[in-house]
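Visitor: So the chains spell out like this:
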Amino acid sequence: MASGDDVTSFDPRRVRADIPQLNRVINDRSITYLDTASTSLQPRAVLEAMTRYYELRHANVHRAVYQTAEEATAAYEGARDAVAGFINAPGGSGEIVFTKNVTESFNLLAKSWGAANLGPGDVVLVSEMEHHANIVPWFQLRETTGVEVRFIPVTDDFRLDLSDIDALMKDVKLLSVTGMSNVLGTITPVRELARLAHRHGALIAVDGAQSVAHAPTDVVDLDVDFLLFTGHKMLGPTGIGVFWTREAILADMPPFLGGGGMIADVRTDGYTPASGPTRFEAGTPPIAEAVGLGAAVRYLEGLGMANIVFHEHALTGDALTRLELEFQGRVRIIGPPDTTARGGVISLDVDGVHPHDVAQVLDQFGVCVRPGHHCAKPLMRRFGLAATVRASFGPYSLAGDTDVLIEGLAHAVKMFG
Amino acid sequence: MSNLEDLYREIILDHYRSPRNRGELASPPAIRVEGFNPLCGDEIVLYLDVNDGVVTDLKMTGHGCSISQASASLMGAAVKGQTVEKARATILTFKQLMTDHESTLEHDGEPAKVDLRSIGELAALQGVVKFPVRIKCAMLAWNTLSQGIDELP
Ligand SMILES: Cc1ncc(COP(=O)(O)O)c(C=O)c1O
Chain A
1 MASGDDVTSF DPRRVRADIP QLNRVINDRS ITYLDTASTS LQPRAVLEAM TRYYELRHAN
61 VHRAVYQTAE EATAAYEGAR DAVAGFINAP GGSGEIVFTK NVTESFNLLA KSWGAANLGP
121 GDVVLVSEME HHANIVPWFQ LRETTGVEVR FIPVTDDFRL DLSDIDALMK DVKLLSVTGM
181 SNVLGTITPV RELARLAHRH GALIAVDGAQ SVAHAPTDVV DLDVDFLLFT GHKMLGPTGI
241 GVFWTREAIL ADMPPFLGGG GMIADVRTDG YTPASGPTRF EAGTPPIAEA VGLGAAVRYL
301 EGLGMANIVF HEHALTGDAL TRLELEFQGR VRIIGPPDTT ARGGVISLDV DGVHPHDVAQ
361 VLDQFGVCVR PGHHCAKPLM RRFGLAATVR ASFGPYSLAG DTDVLIEGLA HAVKMFG
Chain B
418 MSNLEDLYRE IILDHYRSPR NRGELASPPA IRVEGFNPLC GDEIVLYLDV NDGVVTDLKM
478 TGHGCSISQA SASLMGAAVK GQTVEKARAT ILTFKQLMTD HESTLEHDGE PAKVDLRSIG
538 ELAALQGVVK FPVRIKCAML AWNTLSQGID ELP
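First to last, the sequence lines map onto chains A and B.
If you're matching positions, the first sequence starts at 1 in our numbering and goes up one per residue.
If you're matching positions, the second sequence starts at 418 in our numbering and goes up one per residue.
Please note that a few of the clues may not be correct.
Stated by the list, open to error - Pairs of lysine-lysine residues, derived as DSSO-like cross-links and limited to a Cα-Cα distance of at most 27 Å, are as follows:
#, chain 1, residue 1, chain 2, residue 2
1, B, 512, A, 414
2, B, 512, B, 553
3, A, 377, B, 553
4, B, 512, B, 547
5, A, 377, A, 100
6, B, 547, A, 414
Since the hints were derived computationally from the structure, they do not count as laboratory data.
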């Protein structure tokens with residue numbers, strides 16, 4: 001495997017060879033996986049780390065004193081260290097809370113920090129391009145606290161509309177935005193937004209679900225206050241998510257779910273919560289999944305995040321150009337038309353063919369894409385669409401994947417034309 | 418593996434390209450029912466005129482994939498003019514058609530439960546069962562019709 005940020009040593013074909021699922025043959029064709037935005041595929045290093053854990057070290061964490069229990073705890077906490085390093089958490093692993101997925105991370109943010117810090121007269125500012133995970137928990141919080149939920153509009157060219165942002169920021173206590181849209185591929189100006197939020201005395205939370213596996217993410221450099229992401233979109237397993245915030249903020253957050261593991265003491269008259277991340281990790285945590293995520297993070301670092309950016313950028317540019325050339329507007333790209341501040345998520349609207357039908361035809365070519373509203377219904381409404389077909393790249397994608405995509409799209413256009 | 422041609426029969430593509438019974442009926446007197454598939458965003462609004470126990474007219478609006486649209490169009494053509502009782506039976510038959518695969522998967526070789534010759538053009542939708550995620554697309558209009566009939570005074 002390649003290591004470090006050395007462009008010459010990065011070879012997507014080697015990454016491909018590490019991913020067992022990419023060897024599958026479907027409908028007599030090898031699989032063309034273009035659904036990384038939905039969930040990524042796992043390299044052997046991740047699968048083996050999880051298997052090794054279960055085969056040799058499985059025990060409950062933070063409880064027993066026997067050898068394997070200590071090893072299990074070390075493996076679980078080692079994953080926390082790896083994740084802290086990956087995003088450069090200034091306070092280290094003590095700032096990393098493991099959750100089930102980024103959706104749970106947002107619920108933790110809203111139901112713990114939000115409930116304790118927001119009330120009537122306060123505003124949570126999200127954007128029209130958010131995933132439901134960064135919308136619904138705020139509406140739920142509105143029901144219980146009276147907080148206002150406000151939306152940054154999206155421009156006709158698929159960017160956050162910041163033209164009136166100072167007015168929008170009035171009474172905002174939290175700005176909560178995605179790092180990259182899971183529908184449009186738009187990369188948001190997180191650093192600029194963090195400056196803006198802080199200037200207005202607000203905090204900023206970033207949904208890193210689509211961004212952390214596709215660009216280097218340094219929370220100190222970005223100067224954000226919360227970063228939330230999900231293991232299965234970054235070559236890790238399902239069932240594990242991350243919630244990061246600075247130690248000072250975490251220390252003041254009330255517990256979220258209650259039970260074992262999250263307490264310092266329980267008496268017949270009440271309980272005292274634990275401190276640190278475990279305060280938010282009630283019950284037996286997803287140990288093997290954390291171990292898998294730790295391995296995924298090390299694998300990504302081995303590839304070099306800058307290499308991944310470079311590779312996916314090239315693939316995206318190539319795909320955007322060829323889709324335009326090949327279909328001359330018959331296939332419309334719902335997202336920025338070039339690679340400026342945009343990642344490898346490409347939503348398509350095929351004139352006269354429903355996304356479900358496009359995806360069905362593509363399946364026949366072994367192409368895995370996602371049709372639907374991508375859990376971003378306000379955004380779909382904004383552009384008057386019920387659904388799109390979305391193709392998305394990962395570090396294991398090749399320009400050849402785009403060839404098959406175009407071949408399949410051409411067939412769909414012909415069939416329904 | 419299932420073939421695309423099993424799913425996209427010519428009749429289906431034809432009903433998708435030129436859907437029958439599109440439009441609205443004044444409601445009341447027509448019964449108006451909405452159907453929605455939250456997963457893929459498919460929508461249908463169905464208008465039913467029922468007189469003396471007969472579905473005398475039927476119209477629909479909405480949008481969706483070729484399977485949901487063709488199924489709706491074929492359904493309209495099938496039940497328009499039927500008695501409510503017969504329409505109920507047609508719905509049941511269609512539901513049966515959409516679940517036949519389970520029995521054939523379990524006891525390979527056994528004949529399907531629905532006699533395809535008795536259902537006319539609807540038989541074109543038979544291929545859908547081989548694509549389980551599309552069954553809900555095909556069922557949308559039928560579930561909506563079923564709901565409409567249940568609402569009859
Ligand atoms: C931007 C964004 N946020 C949140 C999510 C939700 O992720 P999960 O289902 O793992 O909680 C997704 C993925 O579906 C996403 O793309």
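Visitor: Look at each hint and say if it fits the structure.
Guide: So, going through the hints one by one against the coordinates:
1. 512(B) <-> 414(A): Violated: residue 512(B) and residue 414(A) sit about 31 Å apart, past 27 Å.
2. 512(B) <-> 553(B): holds (11 Å)
3. 377(A) <-> 553(B): holds (20 Å)
4. 512(B) <-> 547(B): holds (14 Å)
5. 377(A) <-> 100(A): holds (23 Å)
6. 547(B) <-> 414(A): holds (23 Å)
Of the numbered hints listed earlier, the single one contradicted by the structure is hint 1.
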